[in-house]
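Protein chains in written order, with this note's numbering: chain A, 187 to 444; chain B, 187 to 444; chain C, 187 to 444; chain D, 187 to 444.
The set of hints was computed from the structure by calculation and includes no laboratory data. Heads up, a few of these hints could be off.
Claimed, not checked - With a straight-line cut-off of 25 Å between C-alpha atoms, the simulated DMTMM-like cross-links for lysine to aspartate or glutamate are:
(1) K212(C) / E421(D)
(2) K212(C) / E318(C)
(3) K212(A) / E421(B)
(4) K212(A) / E308(A)
(5) K212(D) / E357(D)
(6) K212(B) / D264(D)
(7) K212(A) / E290(B)
(8) K212(D) / E305(B)
(9) K212(C) / E305(C)
(10) K212(D) / E308(B)
(11) K212(A) / D303(A)
Unchecked claim - Beyond 10 Å from chain B on every Cβ pair, some chain C residues (computed):
(12) R189
(13) H234
(14) E286
(15) A298
(16) G304
(17) R384
(18) P385
(19) D392
What the hints assert, rightly or not - Have a look at the derived ranges for each label pair, beta carbon to beta carbon:
(20) S333(D) / E428(C): 32 to 40 Å
(21) D264(D) / S210(A): 55 to 63 Å
(22) S267(D) / A297(B): 40 to 48 Å
(23) D264(D) / L339(C): 23 to 31 Å
(24) R384(C) / G399(D): 30 to 38 Å
(25) S333(C) / S333(D): 45 to 53 Å
(26) A297(B) / D264(D): 29 to 37 Å
Quick caveat, the model's predicted, so the values are computed rather than measured. C-beta: ideal position from N, C-alpha, C; glycine also.
Number of protein chains: 4
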Amino acid sequence: MTRTETQVTLIQIDNYGPWTVAPSPKREPDLQTLQSRLYADLSQLVAHHDGYVFFTRFDNMIAVTNGIDLAGHRRIQDAVSNRYPVTVSLGVATGASPREAVGEATANLQAAGSAQDGERTEILRGDPLCEEGAVQIAHFDVNDATSQYTDELNAFEVFRHIDRGYSALLEYMYDAHDSLSFFIGGDNVISVTAGLDRPAFDAAIDHVEETAGIELKVGVGHDLRAGDAGMAAKEALERCRERGTRVEVGASESAGRA
Amino acid sequence: MTRTETQVTLIQIDNYGPWTVAPSPKREPDLQTLQSRLYADLSQLVAHHDGYVFFTRFDNMIAVTNGIDLAGHRRIQDAVSNRYPVTVSLGVATGASPREAVGEATANLQAAGSAQDGERTEILRGDPLCEEGAVQIAHFDVNDATSQYTDELNAFEVFRHIDRGYSALLEYMYDAHDSLSFFIGGDNVISVTAGLDRPAFDAAIDHVEETAGIELKVGVGHDLRAGDAGMAAKEALERCRERGTRVEVGASESAGRA
Amino acid sequence: MTRTETQVTLIQIDNYGPWTVAPSPKREPDLQTLQSRLYADLSQLVAHHDGYVFFTRFDNMIAVTNGIDLAGHRRIQDAVSNRYPVTVSLGVATGASPREAVGEATANLQAAGSAQDGERTEILRGDPLCEEGAVQIAHFDVNDATSQYTDELNAFEVFRHIDRGYSALLEYMYDAHDSLSFFIGGDNVISVTAGLDRPAFDAAIDHVEETAGIELKVGVGHDLRAGDAGMAAKEALERCRERGTRVEVGASESAGRA
Amino acid sequence: MTRTETQVTLIQIDNYGPWTVAPSPKREPDLQTLQSRLYADLSQLVAHHDGYVFFTRFDNMIAVTNGIDLAGHRRIQDAVSNRYPVTVSLGVATGASPREAVGEATANLQAAGSAQDGERTEILRGDPLCEEGAVQIAHFDVNDATSQYTDELNAFEVFRHIDRGYSALLEYMYDAHDSLSFFIGGDNVISVTAGLDRPAFDAAIDHVEETAGIELKVGVGHDLRAGDAGMAAKEALERCRERGTRVEVGASESAGRA
Numbered sequence: 187m188t189r190t191e192t193q194v195t196l197i198q199i200d201n202y203g204p205w206t207v208a209p210s211p212k213r214e215p216d217l218q219t220l221q222s223r224l225y226a227d228l229s230q231l232v233a234h235h236d237g238y239v240f241f242t243r244f245d246n247m248i249a250v251t252n253g254i255d256l257a258g259h260r261r262i263q264d265a266v267s268n269r270y271p272v273t274v275s276l277g278v279a280t281g282a283s284p285r286e287a288v289g290e291a292t293a294n295l296q297a298a299g300s301a302q303d304g305e306r307t308e309i310l311r312g313d314p315l316c317e318e319g320a321v322q323i324a325h326f327d328v329n330d331a332t333s334q335y336t337d338e339l340n341a342f343e344v345f346r347h348i349d350r351g352y353s354a355l356l357e358y359m360y361d362a363h364d365s366l367s368f369f370i371g372g373d374n375v376i377s378v379t380a381g382l383d384r385p386a387f388d389a390a391i392d393h394v395e396e397t398a399g400i401e402l403k404v405g406v407g408h409d410l411r412a413g414d415a416g417m418a419a420k421e422a423l424e425r426c427r428e429r430g431t432r433v434e435v436g437a438s439e440s441a442g443r444a
Numbered sequence: 187m188t189r190t191e192t193q194v195t196l197i198q199i200d201n202y203g204p205w206t207v208a209p210s211p212k213r214e215p216d217l218q219t220l221q222s223r224l225y226a227d228l229s230q231l232v233a234h235h236d237g238y239v240f241f242t243r244f245d246n247m248i249a250v251t252n253g254i255d256l257a258g259h260r261r262i263q264d265a266v267s268n269r270y271p272v273t274v275s276l277g278v279a280t281g282a283s284p285r286e287a288v289g290e291a292t293a294n295l296q297a298a299g300s301a302q303d304g305e306r307t308e309i310l311r312g313d314p315l316c317e318e319g320a321v322q323i324a325h326f327d328v329n330d331a332t333s334q335y336t337d338e339l340n341a342f343e344v345f346r347h348i349d350r351g352y353s354a355l356l357e358y359m360y361d362a363h364d365s366l367s368f369f370i371g372g373d374n375v376i377s378v379t380a381g382l383d384r385p386a387f388d389a390a391i392d393h394v395e396e397t398a399g400i401e402l403k404v405g406v407g408h409d410l411r412a413g414d415a416g417m418a419a420k421e422a423l424e425r426c427r428e429r430g431t432r433v434e435v436g437a438s439e440s441a442g443r444a
Numbered sequence: 187m188t189r190t191e192t193q194v195t196l197i198q199i200d201n202y203g204p205w206t207v208a209p210s211p212k213r214e215p216d217l218q219t220l221q222s223r224l225y226a227d228l229s230q231l232v233a234h235h236d237g238y239v240f241f242t243r244f245d246n247m248i249a250v251t252n253g254i255d256l257a258g259h260r261r262i263q264d265a266v267s268n269r270y271p272v273t274v275s276l277g278v279a280t281g282a283s284p285r286e287a288v289g290e291a292t293a294n295l296q297a298a299g300s301a302q303d304g305e306r307t308e309i310l311r312g313d314p315l316c317e318e319g320a321v322q323i324a325h326f327d328v329n330d331a332t333s334q335y336t337d338e339l340n341a342f343e344v345f346r347h348i349d350r351g352y353s354a355l356l357e358y359m360y361d362a363h364d365s366l367s368f369f370i371g372g373d374n375v376i377s378v379t380a381g382l383d384r385p386a387f388d389a390a391i392d393h394v395e396e397t398a399g400i401e402l403k404v405g406v407g408h409d410l411r412a413g414d415a416g417m418a419a420k421e422a423l424e425r426c427r428e429r430g431t432r433v434e435v436g437a438s439e440s441a442g443r444a
Numbered sequence: 187m188t189r190t191e192t193q194v195t196l197i198q199i200d201n202y203g204p205w206t207v208a209p210s211p212k213r214e215p216d217l218q219t220l221q222s223r224l225y226a227d228l229s230q231l232v233a234h235h236d237g238y239v240f241f242t243r244f245d246n247m248i249a250v251t252n253g254i255d256l257a258g259h260r261r262i263q264d265a266v267s268n269r270y271p272v273t274v275s276l277g278v279a280t281g282a283s284p285r286e287a288v289g290e291a292t293a294n295l296q297a298a299g300s301a302q303d304g305e306r307t308e309i310l311r312g313d314p315l316c317e318e319g320a321v322q323i324a325h326f327d328v329n330d331a332t333s334q335y336t337d338e339l340n341a342f343e344v345f346r347h348i349d350r351g352y353s354a355l356l357e358y359m360y361d362a363h364d365s366l367s368f369f370i371g372g373d374n375v376i377s378v379t380a381g382l383d384r385p386a387f388d389a390a391i392d393h394v395e396e397t398a399g400i401e402l403k404v405g406v407g408h409d410l411r412a413g414d415a416g417m418a419a420k421e422a423l424e425r426c427r428e429r430g431t432r433v434e435v436g437a438s439e440s441a442g443r444a
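Start from the sequences and build out the full structure, keeping to the hints where you can.
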């Protein structure tokens with residue numbers, strides 16, 4: 187089986203904070219529109235290379251970009267500057283763990299200057315993978331979220347419950363497994379992991395249930411690209427629903443291990 | 187001064203969960219694109235009536251809609267069905283507190299059926315305000331976020347810090363003040379509040395610093411519409427920056443109270 | 187009945203040609219994406235004030251903006267600069283005929299400098315209507331376009347036929363009636379007219395049939411805003427379909443004349 | 187040199203006319219928004235495979251899709267249905283001339299039923315190229331359009347001049363050379379051609395000057411994909427500007443012929 191080696195790209199809007207208040211504070215709905223459209227575009231641009239982007243803080247987004255070289259990154263960067271009033275800088279790195287990769291990707295950008303340095307624009311630094319590494323993606327959702335939460339509690343309390351579960355998972359996966367977890371809407375969280383086995387996911391689900399009172403299930407995929415690993419994870423999650431199980435590992439993963 | 191009376195609209199994508207996996211799981215970047223574009227459009231549609239929308243869970247969004255009547259809601263609903271492959275249901279309610287309003291808005295939708303009932307589509311239920319009420323908006327950000335966090339820690343750890351601060355604020359403002367708080371990107375959180383004074387905001391900032399180690403400042407605005415209250419809050423936050431203060435209350439608020 | 191007095195806004199992308207080739211020619215699909223998204227956004231921004239925009243040349247768009255004052259124009263201009271890597275200049279004018287209005291609107295911009303003067307950006311010049319004037323909108327389509335053309339000829343020849351009909355109508359309406367006609371997709375053309383009666387439309391349809399061999403029908407609306415006049419025109423066109431007639435004048439128009 | 191063999195895809199919105207008036211006529215700006223966003227998305231989707239789309243009638247668009255197989259077409263079709271309230275059918279064909287290709291692509295769709303048959307949705311028919319063929323793209327623009335027209339005449343008259351030149355070119359290139367010409371905004375027209383040499387372009391430019399009084403220049407590119415051929419054409423057009431010539435043939439074309 188191909189070794190897991192996650193390539194992470196930090197996408198940072200250049201000097202964004204100052205822009206949002208110059209010459210005076212811009213209307214918040216216009217900023218929200220800009221941010222969410224930029225995220226939508228980046229989702230598509232990165233997806234065309236089978237990568238995944240997470241909105242994270244919107245002005246700093248984290249992407250899994252295995253298979254995208256520097257020329258591909260430059261093209262994404264150009265697409266942003268050709269469509270938006272802001273530009274982005276990109277830091278790229280790979281690591282045995284997602285934590286290591288995001289650490290180095292960030293360091294690559296930080297070495298070029300401050301995020302609010304008006305002169306530091308459209309940086310592209312880092313070393314995409316030469317040899318192929320694989321990605322492990324875990325797609326979690328909440329058991330019976332609609333019947334237990336959405337149809338029962340007020341919408342903000344539902345959100346609060348989901349957020350608690352997400353925060354508990356985020357902290358645990360990062361501390362215990364150097365993994366990066368992102369809320370992606372609804373009751374869904376994606377963790378970018380590396381080399382985790384079924385008991386590790388069982389323990390994570392136990393932890394979230396104990397600390398936040400939220401019951402999760404998870405489908406896990408493993409493949410050369412985030413897009414394929416993520417789709418395998420989604421299909422595995424469907425099997426959880428069909429079988430009533432709480433951890434399913436994708437076919438390509440199983441095949442890979444056989 | 188006009189009494190604070192928050193009008194909240196719950197915007198719920200109809201039967202969304204099943205749609206995302208029918209006939210088989212849709213590619214995640216396509217779902218992210220759909221969700222973020224829909225949020226961008228709703229931001230604009232609601233902003234044209236001077237309202238605010240928060241992405242919340244993306245499939246369930248919470249909006250502050252003072253001044254938008256049922257015809258305006260219907261027009262927003264129609265715009266969604268004319269642009270997207272999904273439809274939305276809307277529950278509207280007002281309350282002395284934002285918590286009360288979101289509770290009733292949710293109840294209005296829940297009374298019409300489950301969020302995953304394929305027959306329950308494009309519901310519009312509730313009673314927009316007849317008399318005018320005002321809205322209070324508090325716009326928080328993190329002190330020196332770029333120099334202390336973005337330029338120093340890895341991007342995921344920065345996000346984790348911001349998320350901890352946000353979660354602490356969310357819980358506190360809801361429990362102590364029946365207020366609804368939303369992360370809006372970067373290091374920014376907006377709380378929809380009602381009738382809170384300066385000491386209440388001071389206490390909230392103290393609480394977040396003690397429990398999550400994050401130092402916040404806040405600008406507060408109060409006006410008939412979320413858009414105007416929010417802009418007053420942003421301008422007040424600018425004054426915090428200029429003056430080195432941590433709570434500033436918007437001019438219109440002051441004027442209102444004089 | 188309120189006098190027809192068309193307010194026209196010329197929307198011109200600032201210094202666009204040079205931008206498209208600096209520092210080297212940008213990829214055409216990226217330019218097409220920018221242009222069509224900008225047009226989509228302007229359609230919505232202007233529609234929120236019940237105006238109409240036509241894509242025309244995309245880098246120069248013509249809008250009917252009765253009811254939008256200078257502050258409204260400024261807000262639209264700001265929205266563009268907050269979302270796009272380009273800015274727009276706006277020339278506004280009113281006239282007894284649409285031709286007169288577009289002439290003066292253009293002159294207002296030309297007086298400020300060349301469209302490719304890098305220093306001439308975000309101009310806003312002109313005098314929106316103080317008193318209310320009304321707009322007349324005529325919505326044409328081709329009889330049996332699907333059965334006669336789309337399902338029969340190759341797609342480019344269908345387009346060529348539609349284009350011939352459009353060009354014939356454009357020339358005639360401008361020369362005979364100082365009216366501005368715009369292809370809006372499918373087999374649809376909208377003419378912005380002033381004070382034309384039923385025989386005038388009959389004659390226009392005859393002319394197009396004789397010169398281009400294309401049979402049209404038309405619905406006509408008249409109201410204070412382009413949005414309402416345009417909707418009345420569309421409803422009148424539906425009545426053409428139901429009744430088998432080729433010219434129908436909208437109810438509000440009839441009422442206005444009674 | 188690789189033989190020119192143009193692959194054309196007809197993209198047709200399914201049953202669009204009836205949708206626009208059901209249950210009652212939809213607001214025109216909403217339809218314009220839908221059409222232009224769909225075109226923007228298709229531009230990007232097709233460009234990711236190095237193809238070109240032209241908006242044509244918006245409800246029927248013509249694309250040059252050399253290099254995109256049926257699976258790629260299916261993915262584009264799925265992307266539309268996952269983002270829009272309408273679906274598209276696709277007819278694909280190749281031909282020695284663009285006219286032949288569009289004819290067969292259209293016939294493939296027509297054989298599946300009427301464009302307004304509510305049961306005929308998401309058709310995908312045709313035979314993408316097995317062997318590689320090349321594409322020839324000619325990018326025309328108007329000499330001194332800004333100084334002669336945009337800065338001098340009223341905006342509608344400029345448009346009328348451009349439209350006349352475009353129509354003259356469209357007719358000539360189709361009748362004389364089985365080529366497909368599309369206005370793409372500003373003063374730009376792209377012709378999809380096959381095997382045309384420099385004298386053929388000179389004659390086309392002469393024809394347009396004689397019949398419409400518009401002076402054109404043209405850059406020509408030839409490559410395996412529309413994207414690369416189109417970029418070569420744009421670079422050739424830049425050379426026309428630099429050298430003051432009116433026909434320049436792209437480097438890759440020259441190389442191919444050497």
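Hint check results:
no.	hint	result
1	K212(C) / E421(D)	10 Å, holds
2	K212(C) / E318(C)	44 Å, violated
3	K212(A) / E421(B)	10 Å, holds
4	K212(A) / E308(A)	23 Å, holds
5	K212(D) / E357(D)	34 Å, violated
6	K212(B) / D264(D)	9 Å, holds
7	K212(A) / E290(B)	32 Å, violated
8	K212(D) / E305(B)	24 Å, holds
9	K212(C) / E305(C)	22 Å, holds
10	K212(D) / E308(B)	17 Å, holds
11	K212(A) / D303(A)	20 Å, holds
12	R189	29 Å, holds
13	H234	5 Å, violated
14	E286	31 Å, holds
15	A298	29 Å, holds
16	G304	30 Å, holds
17	R384	32 Å, holds
18	P385	36 Å, holds
19	D392	35 Å, holds
20	S333(D) / E428(C): 32 to 40 Å	50 Å, violated
21	D264(D) / S210(A): 55 to 63 Å	44 Å, violated
22	S267(D) / A297(B): 40 to 48 Å	32 Å, violated
23	D264(D) / L339(C): 23 to 31 Å	29 Å, holds
24	R384(C) / G399(D): 30 to 38 Å	35 Å, holds
25	S333(C) / S333(D): 45 to 53 Å	46 Å, holds
26	A297(B) / D264(D): 29 to 37 Å	36 Å, holds
Checked against the numbered hints given earlier, this structure breaks hints 2, 5, 7, 13, 20, 21 and 22; the rest are met.
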